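Protein sequence lines, in the order shown, are assigned to chains L and G. The working numbering puts the first sequence at residues 271 to 595. The working numbering puts the second sequence at residues 9 to 717.
Hints listed in this document are in silico derivations from the structure and should not be mistaken for laboratory results. As the structure is a prediction and not an experimental result, all values here were calculated from the model. You may find that some hints are simply not true.
Said to hold, decoys possible - Straight-line C-alpha distance at most 27 Å; calculated DSSO-like pairs for lysine-lysine:
| id | chain 1 | residue 1 | chain 2 | residue 2 |
| --- | --- | --- | --- | --- |
| 1 | L | K469 | G | K405 |
| 2 | G | K647 | G | K263 |
| 3 | G | K174 | L | K469 |
| 4 | G | K174 | G | K155 |
| 5 | G | K509 | L | K475 |
| 6 | L | K469 | G | K400 |
| 7 | G | K468 | L | K490 |
| 8 | L | K412 | G | K405 |
| 9 | G | K468 | L | K475 |
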Amino acid sequence: MTVILNEGDSAGTAGAAQGSPVDAAPEPDKAMTRGRLVLIRFMRNRLALIGLIIIVAMYLLAFVGPLLSQWSYEDRDYSAFLQPPYADHIFGTDNIGTDMFAQTMRGLQKSLIIGLLVALISTTVAAIVGATAGYFLGVADKALMWVVDLLLVLPSFLIIAILSPWFRGKSWWLLVLMLAAFQWMITARIVRGMTLTLKEREFVKAARFMGQPARTIIAKHIVPNMASLLIIDATINVATAVLAETGLSYFGFGVQSPDVSLGTLIGNFAQSATTFPWLFLFPAGFLVVFVLAVNWVGDGLRDALDPTSTRVRRKEKKDTKEKAA
Amino acid sequence: MTSSEILFDTPADPAVEGPVLQVEDLHVSFPSEAGRVQAVRGLSYEVSPGEVLGIVGESGSGKSVSSLAVMGLLPESARISGSIKFQGRELIGRTDAELSKIRGRRISMVFQDPLSALTPVYTVGDQIAEAILVHRGGSVSKQAAAKRAVELLDLVGIPNAAERAKAFPHEFSGGMRQRAVIAMAIANDPDLIIADEPTTALDVTVQAQVLQLLETAQEVTGAGIVIITHDLGVVAGFADRLMVMYAGRAVETGKVEEIYQQPRMPYTLGLLGSIPRLDVGEKQALVPIVGQPPSLTALPPGCPFAPRCPMVVDACHTAEPPLIDVDGSAEHRAACIRTGEIAATDSEGAEAAAEIFGAEVVEEAEIAKVPREQREIVLELDGLVKEYAVNKGVVFKRRVGTVHAVDGISFDIREGETLGLVGESGCGKTTTLMEILGLEKPMGGEISVLGTNVSSLDSKRRFEIRRDMSVVFQDPMASLDPRLTINDVIAEPMQVHGYSKDEINRRVPELMKLVGLRPEQLSRYPGEFSGGQRQRIGIARALALEPKLVVLDEPVSALDVSIQAGVINLLEELKSKLGLAYLFVAHDLSVVRHIADRVAVMYLGKIIEIGEVNSVFDAPRHPYTQALLSAIPIPDPVKERQRERIILTGDLPSPANPPSGCRFRTRCFLHASLPPEKQRTCIELEPPREVQAEDHEAACHFAQIRQVL
Numbered sequence: 271m272t273v274i275l276n277e278g279d280s281a282g283t284a285g286a287a288q289g290s291p292v293d294a295a296p297e298p299d300k301a302m303t304r305g306r307l308v309l310i311r312f313m314r315n316r317l318a319l320i321g322l323i324i325i326v327a328m329y330l331l332a333f334v335g336p337l338l339s340q341w342s343y344e345d346r347d348y349s350a351f352l353q354p355p356y357a358d359h360i361f362g363t364d365n366i367g368t369d370m371f372a373q374t375m376r377g378l379q380k381s382l383i384i385g386l387l388v389a390l391i392s393t394t395v396a397a398i399v400g401a402t403a404g405y406f407l408g409v410a411d412k413a414l415m416w417v418v419d420l421l422l423v424l425p426s427f428l429i430i431a432i433l434s435p436w437f438r439g440k441s442w443w444l445l446v447l448m449l450a451a452f453q454w455m456i457t458a459r460i461v462r463g464m465t466l467t468l469k470e471r472e473f474v475k476a477a478r479f480m481g482q483p484a485r486t487i488i489a490k491h492i493v494p495n496m497a498s499l500l501i502i503d504a505t506i507n508v509a510t511a512v513l514a515e516t517g518l519s520y521f522g523f524g525v526q527s528p529d530v531s532l533g534t535l536i537g538n539f540a541q542s543a544t545t546f547p548w549l550f551l552f553p554a555g556f557l558v559v560f561v562l563a564v565n566w567v568g569d570g571l572r573d574a575l576d577p578t579s580t581r582v583r584r585k586e587k588k589d590t591k592e593k594a595a
Numbered sequence: 009m010t011s012s013e014i015l016f017d018t019p020a021d022p023a024v025e026g027p028v029l030q031v032e033d034l035h036v037s038f039p040s041e042a043g044r045v046q047a048v049r050g051l052s053y054e055v056s057p058g059e060v061l062g063i064v065g066e067s068g069s070g071k072s073v074s075s076l077a078v079m080g081l082l083p084e085s086a087r088i089s090g091s092i093k094f095q096g097r098e099l100i101g102r103t104d105a106e107l108s109k110i111r112g113r114r115i116s117m118v119f120q121d122p123l124s125a126l127t128p129v130y131t132v133g134d135q136i137a138e139a140i141l142v143h144r145g146g147s148v149s150k151q152a153a154a155k156r157a158v159e160l161l162d163l164v165g166i167p168n169a170a171e172r173a174k175a176f177p178h179e180f181s182g183g184m185r186q187r188a189v190i191a192m193a194i195a196n197d198p199d200l201i202i203a204d205e206p207t208t209a210l211d212v213t214v215q216a217q218v219l220q221l222l223e224t225a226q227e228v229t230g231a232g233i234v235i236i237t238h239d240l241g242v243v244a245g246f247a248d249r250l251m252v253m254y255a256g257r258a259v260e261t262g263k264v265e266e267i268y269q270q271p272r273m274p275y276t277l278g279l280l281g282s283i284p285r286l287d288v289g290e291k292q293a294l295v296p297i298v299g300q301p302p303s304l305t306a307l308p309p310g311c312p313f314a315p316r317c318p319m320v321v322d323a324c325h326t327a328e329p330p331l332i333d334v335d336g337s338a339e340h341r342a343a344c345i346r347t348g349e350i351a352a353t354d355s356e357g358a359e360a361a362a363e364i365f366g367a368e369v370v371e372e373a374e375i376a377k378v379p380r381e382q383r384e385i386v387l388e389l390d391g392l393v394k395e396y397a398v399n400k401g402v403v404f405k406r407r408v409g410t411v412h413a414v415d416g417i418s419f420d421i422r423e424g425e426t427l428g429l430v431g432e433s434g435c436g437k438t439t440t441l442m443e444i445l446g447l448e449k450p451m452g453g454e455i456s457v458l459g460t461n462v463s464s465l466d467s468k469r470r471f472e473i474r475r476d477m478s479v480v481f482q483d484p485m486a487s488l489d490p491r492l493t494i495n496d497v498i499a500e501p502m503q504v505h506g507y508s509k510d511e512i513n514r515r516v517p518e519l520m521k522l523v524g525l526r527p528e529q530l531s532r533y534p535g536e537f538s539g540g541q542r543q544r545i546g547i548a549r550a551l552a553l554e555p556k557l558v559v560l561d562e563p564v565s566a567l568d569v570s571i572q573a574g575v576i577n578l579l580e581e582l583k584s585k586l587g588l589a590y591l592f593v594a595h596d597l598s599v600v601r602h603i604a605d606r607v608a609v610m611y612l613g614k615i616i617e618i619g620e621v622n623s624v625f626d627a628p629r630h631p632y633t634q635a636l637l638s639a640i641p642i643p644d645p646v647k648e649r650q651r652e653r654i655i656l657t658g659d660l661p662s663p664a665n666p667p668s669g670c671r672f673r674t675r676c677f678l679h680a681s682l683p684p685e686k687q688r689t690c691i692e693l694e695p696p697r698e699v700q701a702e703d704h705e706a707a708c709h710f711a712q713i714r715q716v717l
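Bound conformation, chain G alone (with noise of 0.2 Å):
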């Protein structure tokens, strides 16, 4: 990294004294169809340089709305008063181009969706150029500008940054696409950036890497940091000082150590027990809030938080509460009447949380305690291939290629268990389910469900196996048909499967009791329900059948923290009370490890690591495995700034053309540290999966344990 001391000021600018931003009683209001939104309500907080400030929140309490504001990038819509100062200079009130002289130069923002935030028509070299020459365009030569565009992403991470400057952002993977945007974002030595949700649409792997990279950028700026985020986990470890928002206001700000280890306002204390614990291996009693954040276009007086509230008592509906220093620090500040009783209470953090929510741990099954062996298998893969065909030409087509999507995976799931399939996008998880729920013969191996061949399957005898097996999706929104009504929703399974009107009459209220909703809700439309409202509806009707095992594809990842804790422990119970098996898909590690009794590790088509769930997590045997734990980041800033991490280099390997012998070791670190006869094994030789302990087995010639937790 010689170039940067070329390339950027020295750290912390002399120049500059006191804060770089300072945003005081910030309001925002939009206009809509059922009156003004006020988004953001009365918001005040300043980073000084090199500082990086957390904001976190729920979808809708204003974090990214009032960072937008910072930008000057609100729509004409928006009414904004009150007060941000950008080194001391009045921001609000300038015209678009005063604040264009300062976007992208002073201030840079990193936005959530690289993909949309890089033109697709320009190469991305021209497009690092391009913001030096906006702002520097007088002292800065065209072809200046270019080689410092190929340094930046020489500095951002980027192999071979030469060649790859010339290439479009389409031929950029989404870590990539995400690096060279911070490229921008750091290009003019800015003194404040703005990261929006950078990680959200990134896989752990990646996400890893891009905040080590955020950090390098600090480092070489100098500049202060804003990191907006959901996930309380991401901040733990970068962060300095967190704000937690909730309905268009801060509720509780301060050190990040401080606010994990003594949170003071029930909503943060919630929003911490909600969340599931990668570092937990007993099972932890998770802690939903309760309910949805309010509508902002009418608040009622009071505390906003107050209906979700366990500890509500009267005068929290007089008054909103302002922020207030608790535990007689200037720095640690709540917006709770009651903080002096949860710092009272005897326990901390997220236990702190399960007891004043009054969490319980879920009960295992009845038919949990029967031996694994003892139980039926009710899905069973064997050596499972599925290919795509490469074509080229429009008349005549010729296959070029083959993507090896799913390349022989085999496992089995026994009745009451759960089995959590992980991997990163495009290992071929997604591809596996609709394999499985498709009942169709597979190109390759062989899918049994409860006992049954599916190859040998005639359409009648197909139709009545999907009365065992029911799938629930990803995204809450695009599950349900928003033209018919909820009752029509969770009948339409028993309509297909010739239940009498009767008996669907008599069992869609009793679903829908069984998913925690009202039956007299079942005339409304999926439009009036909250995403995670929605989930659950998905979830009767998946359970209307009475099947015995349930396709999970990532039913969580698309919901609120918040919200996603209730859904994990509804399909907790519903798998103790009626013995149902899972096979849960999912990205977020933590909540495999808090639902599944086994997991299964994906990489490119093939199963490289399978267990029982705490001896993988605890003893995992696989390098892929061991750097996607570590990748993970753990809501605990003392542990998590502990935590060494494995990086991994570089992107999923295209699985037309995958590496030969073992197909992870392009990405090993164990691989590269191995002498050149012990790499010939893992080029030469494809690793079988080896049983390793009980009930665990791994497919690595140079398996050994590595604790990363």
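Looking at chain L on its own, in the form it has when it is part of the complex (with noise of 0.2 Å):
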């Protein structure tokens, strides 16, 4: 089939062949992809732009902040114990003399990976189980939809707390697999509900009667069609894997010691918040500031993703009006 209309032959499709002069109206729209759109959306929230300037902060900061200190989270100063900030030690030191600042940074390092960690492959499980479950139905959605009720109604607190002993010692890599095990069954019950409804979309249909296979329409058409919904979920899973981690490690189930984690920081200081305020502080702090800031870049990302967010628009009707003004 190597026929080709000669554009000026036929009255239906001549104008649209020539194209541009016709179509002028979308031109300007051109460079407005929905990349750029996102882009421009998102950079317009300014809490969201803060966040992400903090959390890129934190973990800069967390990496090469220990670099440029002399002192190691193991080492002691056995001439400062339990003293508030000063020139040697900014964070001042605890009751053994080791420096708050190389704790605080250990302990940022180790939350900051874990929920980093934790949210990628929770997110990933969530999105290959959903998909398959909603994709193929019948008794492979049974058993997955099985294992993910079972998944929600077990205790992930205890059961986290009653396997600690056994990986006591172990590589905190075991934690990570734990945490991430809890946390990807909401969003898969959403990505198939999601998967249900895109495959109902013509384009599915349309790569299915051309023989594409099964795996590949997942892959190619309907993962990347729930993107929008992955990244922000990703990004709250990374808050919510934080916290998780530094709860079970204040009570002692999470990264074992001599290891710290802003759990484990909070958990060994909380009772000195009031008398040597700078051991709670810094690490509580720092946990805060995270925790508040991915919020922030979730929500813009939610906001610039979705097209009928009304936020934009309300800003257009209060710059109009301060224009009017």
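The task is to assemble the complex, starting from two chains supplied on their own in separate frames and drawing on the hints.
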């Protein structure tokens, strides 16, 4: 089939064949691709932008900070016990002379890396399980959803607490896997629901009727069309995972000593919060700021990716009012 | 209709003089990402009591927005200026509370989607009674309102009104819901009814019922009616005056007859020329209006239609033409500087459009000249059956019934031929398509593609046969993956079927040219294209594997009329150049008549009439085909007013419980007119498909020709 219509020979397509002169209208929108639009909308949200800067800064600080400090989190300064912040120890020291800055950075590092990994793993698992169940339905759906329901009713905190003696002394990777294992179920259910609707969309049917195998359809058509949900979910999951990890570590079930995380620090020094506030305030402050920043970014992403979001319009109204005034 | 006398004041309330509604220099704008959208730009019109004004335009022309402005229903972000006077009182600037006293009482509205216009949690009767109580709560008791709701439902032709008033909206069919909405609209005897695309969401047979009902409503209330539509056929027989809108302004107004016969604005001409006509047997040249409506954020100076106008001259770009009187008549006005030249052409209406826009009839394919019997059979269906089980129970599912979606249908399509498959929604058209495209072993009967029976296929052979068959879907927005570039969309079928990279890179631009798009646009995403262009991309994807058969599922019904013509023309050209066979599913019989060689009419999972398209349309034998054809409005006011319409009563019966014997008998006018002994034949015996004429079969015991066009 190498027939090419001569552009002039058909009244029907002549206009559209020449294209540009007639559809002059959409030309100005050309630069406005979806990605750009999302970026513009995101950048306009000041809180989200601040949140993003905070998150990037925290990751930088957590990994670069310790290199700049002369103390490691395991070192002890026997000349300084329970010192408030001063030039040598900018965050002060604890009762055995460990530098609080080094400890907080180490804790932040651990918490952030665990948060990031848990979010990535749980969102990936959720996408795969949800899309598989929703696309194939039948037995696969029943089995996977049974697992989801089972995991949902299990008290995750209790189980990790019970298992904690077993992974004492083992790699912190186990903790990541445990946390991820209990965090993907709700997202998987949402993904399944979205797959059910996407599956009925005509482009998925078209792919099926041209003979595209199911796994390619899921990878190429279904998952990318849920990207906005997955991105938002992964972002929020980072905060949830960090909170879960700190919670567990606070009670001594998470990261095990001698390693530290924000949770162990907060747990260790909670009693000193009123007497030696720097021991408690620095780790707790980092935790609060981080979770807040992640939530701002999550909100900003949701607004930017969701075309029906009203925030931008409200903003425009405000702007025009100001101009009118 | 004795009740109407008690219910309504005398038509044309003498207390009010002059027009009911006067809109002057109305401007409406909305904020958007790209700047303010000037949705309505200086619109003026008036409606007299008892008059029907039709507002016609493409989507985005501002027709709905201007009516919502009248109702005061625009979102807060909209900025409105100008004047809207209802019975001499200014509406702009009034508070929502003040407007609420007028809305529903003096002005009422019928919306496009009857499902979302009714609250799902209240009964239909309660909702109508509420409309009365809200405005006359003081003087009308609850019981009286409920009684009146029943009377109104009866008036709008809902059988068993007292019973049905207690039903919930989901228990009503689409047509009945729209009737209930109309009952609500006339409940308070309004002076103005605004109907926004009241029939667009409905089937043709139901559309005819609803239009007739609106006429009745107008008679009993004496109200002025504004009917908004994109379909020039709908308003031809119903409206008194017409206003054509383009880019937020009126571009032509006048009496219906004048506009249809002597359109004086190229846009109106184009619209008229772009509609396939049901009453034209020979091949007709369809006028596509190239391009698409301008973006309303930053309009360049000059006539907004100029970029799409075949008669454009330099003067068109300098200033926007005002509405001026044409042909020396104060009633007929058009916004074009070259009206005189359009008036000078010899031909009238659609023919003038073809002449001015330079549309030509598409040539027939080479293969079509070979007699039908000698051509290869591309697709053959023999007694295809598809049933769905109706299950009940949560833990233990038990089967309580069967939906006979497709109940033994047979037809064949030969090389280079188009078969149109038509019928109301719910008749099994789409199920048939999905069965064909699925290539699985059917529940009953046989499907053969290019002589291969699909029941005998293994998965490898099934994959191979998918090359010869492709599909174009209805919704151009949903049929392309928004995350893929156009290049990836068109390349996908070739990747699946193992074409080499070089071959794909060579063929994709070729396909783009083939469907009339520029290859430079390949790296863009579907979101950047208009509906018509997307449908062309969908067609390019369907042609990628050089199929023998293309299945078209309502390919043009989601497009605006002017765009629709371009896509129909493209499909015809492709068929002629590539010798394709089409299975064309549609509910628009005018389009089918234009494009199809043969047509099959489906009713409740059965084909009740099939044959050569002109034979079926000019001499329909089955009462259902006759009713279907007569329900389709013809865009010609004179013809349309003379036509006798067969109005089918009721809705499509449930396919879970079809009537015995002939399935159509419950709605059949012929059956109703027969003596009882003949009626028994219809009730007891299922009519077989019998040959009526050369290549024309119908399934009716008492088939007789009846001309309806």
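In ascending order, which of the hints set out earlier in this document are inconsistent with the structure?
Violated hint: only 3; rest satisfied.
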